[in-house]
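**Q** All chains should be modelled from the sequences, with the hints used to inform the complete structure.
Single-letter residue listing:
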Amino acid sequence: MLNTYVVYVENKPGVLTRVASLFRRRAFNIDSLTVGRTEKPEVSRMTITVEADPDQARRIEANLYKLVNVLLVENITTAPAIVRDLAMIKVAAMHEARSHVLELASVFRARVVDVAPESLIIEITGGDDKIDGLLEMLRPYGVLEMVRTGIVAMRRGSKCSSVVSTANPVAQLAADDDVQYSV
Amino acid sequence: MKKTGAQIIWECLEREGVTHVFGYPGGAILPAYDALKHSRVHHVLVRHEQGATHMADGYARASGQVGVAVATSGPGATNMVTGIATAMMDSSPIVCITGQVGSKLIGSDAFQETDITGITLPITKHNYLVTHVGDLARTLREAFYVARSGRPGPVLVDITKDAQQSACEFDWESAAPQLPGYRPDLSPASHEYEHALQLIHNAKRPVILLGHGAILSGAMREVRDLAERAGIPVALTLLGLGALSASHPLNLGMMGMHGEAWVNHTIQEADLLIALGMRFDDRVTGNLKTYAPTAKKIHVEIDPAEINKNVKVDVALVGDLREVLREMLPRIESIDRSEWLDFIDGLKGQSAVRDIQNLPDNGHLYAAHVINDLWRETRGSNTVVVTDVGQHQMWEAQYYKHEEPRSLITSGGLGTMGFALPAAIGVKVARPEAEVWVVVGDGGFQMTMCELATMVQENLKINIAIINNGYLGMVRQWQEFFYERNYQATPLLNPDFAKIAEAYGIRTATVTQRSQVVPSVQSARQNDGPVLINFQVEQEDTVYPMVAAGAALHEMIRRPGPIVETAADE
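Respectively, the protein sequence lines represent chains Y and S.
Sequential numbering of the first sequence, starting at -14, is according to this note's numbering.
Sequential numbering of the second sequence, starting at 45, is according to this note's numbering.
In case anyone wonders, no lab produced these hints; they're calculated from the structure.
Every clue listed holds true.
25 angstroms max Cα-Cα, derived SDA-like pairs, lysine to any residue:
hint	chain 1	residue 1	chain 2	residue 2
1	S	340	Y	41
2	S	333	Y	-14
3	S	392	S	291
Only some residues are given here: those of chain S computed to face chain Y with a beta carbon under 7 angstroms:
hint	residue
4	224
5	225
6	348
7	349
Stretch-level coverage of chain Y by chain S, calculated; a stretch enters the list once three of its residues show a Cβ under 8 angstroms from a Cβ in chain S:
hint	region
8	3 to 12
9	36 to 44
10	47 to 57
Yeah, the Cβ is synthetic: ideal placement off N, Cα and C, and Gly gets one too.
**A** Written as structure tokens, this is what we have:
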């Protein structure tokens, strides 16, 4: 099962290496990892997706907490959340193909961000399915180049992933029904 | 008051309570060594940086205090890697301080530059690169705090030469650790206690599995109280030996690959395992599919990442063992489990083929005899045995009965050959009043025997027993069992150990007969200086019993031979 973690870390040199090294060391395969600034300059936020069964998922969380620079880990796999990935796709669009490509882009609510005589760059934001869907439709026209950011995720509703709490986050999570160290 | 980085290093060490460091100087750490002159810290000059880390490790394990090793950049730092990994696997609190090339040279492949924080990333609990003197005091404070708190472990602090040379205002108070994400102080929820107590009270055939965590947490007394109050027998891991007195009636002895057969049988028959400060290492579980098939499992462990890692448990109590047991003890009911204890006694009777009693009486000296005699001679005194890795390590664990915590120091998790001699130096420095014995094979001894010079230079009274069988014995044993006696690369051509000892001015004896063992031990104990005894033992002896790697825990290979019931093992 693909698990999605939101991980808050101290914004310090080498922290990304520590997190990536952990997954390598424990033989877990990262599917996607993004990292960026948050509303607090001293804190960075990662979104990590990784293939793992429920037991492995718990151990990944516990191992992340062992890293001294990790502030908060949330497995939001089963939580209602907005998950987004951004892709830029450079597609061949000559003559009559061009109007078809533009039409597809509009159906997928993607934006054309660059127009050249023989190609277009389409920018699309969404979940994996949506981007994969557009990509499949564009392939016959000739996808020349593509780049994706990897996913970012945020819980829905007013419940926040926040690092201000001074209470012990592991204990908090352990009190939840879905995340527990005992089985 | 303004101080240089070099001065700040020693000032911080003193304030952390450090009295001794183990180190080796070099270019990038020279500013720190220059400032050593004005420090109260005693520097032990090692002969190889690996030795420095093992000494710091031995110091930590013997005393419970953080051990400190110092080295220069590049090769000095990389030589520490084995010792750091050893401390990591066995949760030993050490702080390693390394010099680094100037911050402006980092990344330029400068002379003796190496990325030691990158190299040690997976084998340290945490590590730091300090490039600004202003960060130094706080970083060192954090390093000591992280090393000793929670599940202890090694922390490395890499300090650039310019950070040692430049100066800043030093203020200890304002350099307090800032570790917002570090949480060493977990404690279980109340419903988890309830569940655990319920399992304990309902169990008919419970066993406590006791590990190193009991010693690290200082929970020896609480463990004994739990065992006695609830009438639960206790099996120990290698690193747990000493956490409950070997002579305690509820102490079954060591479990696992070379544990006593009845201990492993007991675990396989149990209906409840209470794992206290141990991590279900593959050397104690055997095949996980057949491990304790009828048992529920309670796991008390400070590191949440250990829960359900190898063995799935029914209740996990994540927290400090002593705190958890203190919480539980008042609610533990006294239960009569004599039926279960009688059953275990029965197992003992059936399988109490003490290896030592089945040794052939052919005039040869056996390692088991040496260990057994050493134990008889030194029992009751304040003795610490430091073992290396291999056959002699298992024989020591089987035949030396450890009554006190921290009386056996050995490399368990990593299995580092060459550990014993340098670790013993750290032990003796930490506990000068203790009698220290190194029990080491002829192979492992030659890996770090350069540290004999350190021992002599520091004037340390350490007794060294080389269990010399002319083989890399444990590897030979595996070749015997699993590789059709194809003894590739295991016979050793050894130097004359007596002459080596003499070269360092160390007293020496060579023992080939059983009758010489006790006199040689007595003579070594009476001698003021270090003594090295070369015990030339039977070459192709085997450690029994043995659970083959991957076999079920109760499927043990036993020594062939008759059952002779004697009082030999008391």
